[in-house]
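Chains A and B, in that order, are what the protein sequence lines are. To convert, count from 1 in the first sequence and add 3; that's the numbering used here. To convert, count from 1 in the second sequence and add 1; that's the numbering used here.
Treat the hints as calculated values from the structure; they're not laboratory data. All of these numbers come straight from a predicted model, not from anything done at the bench. Note that the Cβ used here is the ideal one computed from N, Cα and C, for glycine as well. Possibly wrong hints are sitting among the right ones.
Pairs of lysine-lysine, DSS-like flavour, derived with a Cα cap of 30 Å [what the hints assert, rightly or not]: (1) B:K322 x B:K173; (2) B:K337 x B:K360; (3) B:K322 x A:K178; (4) B:K3 x B:K360; (5) A:K178 x A:K243; (6) A:K212 x A:K253; (7) B:K322 x B:K360; (8) B:K337 x B:K447; (9) B:K447 x A:K244; (10) A:K131 x B:K233; (11) B:K337 x A:K296; (12) B:K322 x B:K3; (13) B:K447 x A:K253; (14) B:K127 x B:K3; (15) A:K131 x B:K3; (16) A:K212 x A:K243.
If we take Cβ atoms under 8 Å as the criterion, some of the chain B residues that face chain A in the derived model are [said to hold, decoys possible]: (17) I42; (18) R147; (19) Y326; (20) T411; (21) R478.
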Amino acid sequence: MFNRRDFLKLAAALAAAFGGGQGGGLAPQARAALNKIDPRRVPKLLCLQGLSCTGCSISLLQAETPSAMSMITQYSQLVFHTDLSSTSGAQAMELINAFIDGEAGDYVLAIEGAIPEDMPSACIIDHKPFAHYLERAAVTMSGAVAIGSCACDGVIPAAEGNPTGAIGLAEFYRKRNINRQVINIPGCPVHPDWVWHTINHLVLAGSPKLINGSPEAFFDRRLHEHCPRYYDFQEENFAKKLGDRGCLFKLGCLGPITFADCPTRRWNGGHSWCVNANAPCIGCASPRFARQKSLPFYRLSEGKTSRRS
Amino acid sequence: MKIDIGPITRIEGHLNVQTTVENGVVTDARCEGEMFRGFEIFLRGRDPLDSQQITQRICGVCPYAHAIASSMAQENAYRLSVPPNGRILHNLIQGANHLYDYLLHFYQLCALDYVDITSVLEYSGKDPELSRVRDWVRAEIDSGQRYPATPFLPRLSGRYLNDRDTNLGAIKNYLEAMSMEKKANQAAAIFGGKFPHATSIFPGGCTQEARVDLIVPYQSLISEVRDFIHNKYIPDVLAVAGAFPEYWEIGRSRGGFLSHGHLPLGPRPDNERLLAAGVMFDGRVEAVNFDQIRQHVNSSLYSSPTNLQVRDAAITPQPDKSGAYSWIMAPRYAGKMVEVGPAARIMVDYAQGHNQAVKELTDRLTGRAGVRVSQLNSVMGRHLSRAILAAVLADFLLEESQRLTPGEPTMAAIDPPASAEGFGATEASRGALLHYIRIENYKIAKYECVVPTTWNASPRDDQGQPGAMESALIGTRVNNPEEQIESKRIVRSFDPCLACAVH
């Protein structure tokens with residue numbers, strides 16, 4: 004929503020604000036490069052959906068600072084997204100194919116959802132399997148971002164017993180010996196900040212530092228380590244039933260094995276997050292999220308089931 | 002001439018519609034659901050309490066509706082008695098989700114079919130937001146890029162609004178709606194933990210507490226959204242309706258209407274609801290009987306038996322099945338096609354003279370538009386229905402939040418039995434949603450979801466009857482058969498969600 008001059012001013016202001024901050028810190032050379040940013044090089048995001056629920060896209064709209072609208076017009080350009088694009092049908096396919104064929108300039112491929120490796124026709128765009136577009140894009144894209152746990156690791160559509168053989172984007176490329184790095188931003192859904200700040204980092208300072216393929220700034224610590232109920236855990240003040248306060252570990256909280264900054268970042272404009280609502284973390288940012296039948300989210304019936312069955 | 006108009010954007014998910022156009026008229030339409038994950042398959046064998054979490058991931062646009070339907074199905078199965086606070090919190094969470102969803106649908110998903118975004122280039126006033134949009138669009142168009150001002154351009158050919166002030170007002174409200182949608186979701190997240198995909202919703206209630214420091218922020222956020230609904234959303238719908246009056250006739254579905262009823266007014270799911278349940282054929286409303294619902298699969302990509310009741314549901318994918326053209330099944334009520342969604346919710350409630358606020362607002366706004374209540378079955382009717390429901394719901398949520406008793410329990414104690422079965426029915430923003438769970442040996446033995454867009458975007462059933470959306474498309478006159486902005490306005494008026502429809 005800003006013109007280019009405004010963008011440059013803002014980018015400079017942002018750089019000043021980021022200076023020295025952890026994760027977002029700019030190297031001096033990057034800061035110098037900022038003054039030379041050509042706004043036409045604002046990353047163009049080509050968003051395609053696989054086996055997804057659109058929850059991550061909807062989550063991206065919940066961003067506060069900057070807002071989603073600022074992000075897609077000012078800090079990046081959204082060249083296509085099925086939920087927002089005015090265009091459709093053959094006109095939309097012409098645009099998508101122009102980018103994927105490398106005829107419309109640089110772009111970052113942003114994928115939401117998993118890929119049905121064993122059943123390609125379980126996800127179709129314009130009569131062709133989703134996989135078809137991913138293979139072609141691998142040649143032309145500047146980079147790839149896997150948005151949400153499905154795109155990162157398959158998770159829900161890849162749950163045990165699934166019929167489609169769903170996998171994440173990085174594994175999809177690995178299986179084809181395509182050597183393209185994928186930045187994984189997990190979460191079911193993703194937190195909007197995790198994605199938008201990664202995009203901002205890409206444009207302002209290059210690729211962010213990654214840990215296990217995900218931006219270190221958001222995924223370097225276990226949720227449990229910075230949980231405000233850590234003290235309850237230490238004091239062995241455990242919730243005994245759903246709805247209780249206290250540490251939720253004994254109800255099945257997966258905070259101790261889930262890497263994400265939910266306790267400090269919070270969700271939806273900071274109004275809440277799962278544990279704040281006395282709801283155990285179900286590990287939605289974890290690569291193993293929801294995969295195994297033998298690992299239920301809650302421990303309420305766990306003992307009972309094994310005893311009686 | 003057969004023309005595919007997909008991929009259809011500004012809906013959820015993967016949908017193509019194959020149309021047949023003769024002499025500028027759509028003579029046939031086939032809705033092709035193009036994505037399949039298999040929830041009902043991988044839910045089998047899981048812990049039943051996983052289901053209100055897993056089924057939310059069917060749809061990230063309306064996850065709470067699935068959480069509530071699943072919770073109600075389990076409450077029914079476990080014979081749970083939900084404390085009043087628990088049911089109220091369910092209503093507050095799900096209701097706030099509807100408000101966001103109606104605004105998202107009208108502004109982000111549909112407005113670009115009617116509003117002329119390029120009119121912003123003529124803006125010469127002082128509003129900072131509109132000036133920024135203007136400068137951005139101008140800079141984009143001047144940049145020489147092959148595709149400037151995405152995602153708002155390019156767009157299909159067709160007639161757009163030509164009144165400059167209406168266009169500018171709508172563009173401004175497009176932006177403001179996005180912040181209102183966030184506020185509605187923030188209100189929901191206060192009790193839900195987060196949006197999308199709440200972790201606090203359980204059968205038996207909600208883990209969040211009923212505390213004054215949560216209730217008041219909820220009310221404050223919903224009040225802001227309520228004001229936007231009355232001052233911007235309803236006038237914008239009426240303005241678009243006034244400029245496109247032909248859409249009160251276009252997009253009429255040719256079957257009955259089904260609503261499961263929305264928001265129980267007491268702790269039990271079978272308590273009276275804010276909006277009454279019912280199935281309506283030829284203007285007559287009957288009580289809903291779940292045993293009358295059967296899912297046909299002759300046109301769907303499954304080898305499992307057809308015409309099964311919900312309880313007996315089966316699902317075996319067969320991607321190469323000949324003669325089938327969609328992953329969507331074709332549910333039918335007593336063998337007949339029905340439309341579900343906002344228009345169905347209003348017409349079913351109105352015909353029973355049930356909710357006075359619905360009746361009063363429906364009479365007033367259809368009166369102002371100069372149309373009959375039966376014309377809610379149309380493109381504009383579906384838009385107006387959402388606006389009416391948003392207004393009624395916002396008032397209800399503010400009242401309902403005052404019924405919470407701070408300090409009282411919000412959750413029942415849960416003790417899932419070894420074997421049980423239950424139905425849970427509610428209204429997602431897109432229409433009637435039914436979940437069924439059967440538990441054997443403490444595990445899910447069967448789970449079945451009959452979801453709004455499964456009804457609306459269904460393919461031909463075993464008798465060859467088209468689905469509601471297919472029937473609404475057939476007979477439509479289109480100016481540009483390759484693009485068909487008219488058909489897309491019809492499809493979008495149903496607010497299809499393909500992730501829901503197939504799951």
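Quiz item: Has the given pair, K337 of chain B with K360 of chain B, been kept, meaning a C-alpha gap of at most 30 Å?
Solution: Holds, at roughly 27 Å.
Quiz prompt | Straight-line alpha-carbon gap K131 of chain A to K233 of chain B, limit 30 Å | solution = Violated, at about 41 Å.
Quiz item: Quick one, is the T411 of chain B hint okay against chain A at 8 Å, beta carbons?
Solution: holds (6 Å)
Quiz item: Does the alpha-carbon distance linking K337 of chain B and K447 of chain B stay inside the 30 Å limit?
Solution: Holds: K337 of chain B and K447 of chain B sit about 25 Å apart, inside 30 Å.
Quiz item: When the nearest CB of chain A is found for R147 of chain B, is that gap smaller than 8 Å?
Solution: Since the shortest Cβ distance to chain A is 5 Å, the answer is holds.
Self-check item: 30 Å limit on alpha-carbon distance, applied to hinted pair K212 of chain A and K253 of chain A
Solution: Violated. K212 of chain A to K253 of chain A sits at ~34 Å, over the 30 Å cutoff.
Quiz item: Straight-line Cα separation of K178 of chain A and K243 of chain A no greater than 30 Å?
Solution: It is violated: about 45 Å lies between the C-alpha atoms, which goes past 30 Å.
Quiz item: Against chain A, with CB atoms and a cut of 8 Å, does the hint on R478 of chain B hold up?
Solution: Where the cut-off is 8 Å and the nearest Cβ of chain A is about 18 Å from R478 of chain B, the hint is violated.
Quiz item: Is the straight-line distance between the alpha-carbon of K131 of chain A and that of K3 of chain B 30 Å or less?
Solution: holds (18 Å)
Quiz item: Quick one, is the Y326 of chain B hint okay against chain A at 8 Å, beta carbons?
Solution: Y326 of chain B check fails; min Cβ-Cβ to chain A is 11 Å, beyond 8 Å.
Quiz item: Is the straight-line distance between the alpha-carbon of K212 of chain A and that of K243 of chain A 30 Å or less?
Solution: violated (40 Å)
Quiz prompt | 30 Å limit on alpha-carbon distance, applied to hinted pair K447 of chain B and K253 of chain A | solution = Given pair K447 of chain B, K253 of chain A holds - Cα atoms ~28 Å apart, limit 30 Å.
Of the numbered hints listed earlier, those contradicted by the structure are 1, 4, 5, 6, 7, 10, 11, 14, 16, 19, 21.
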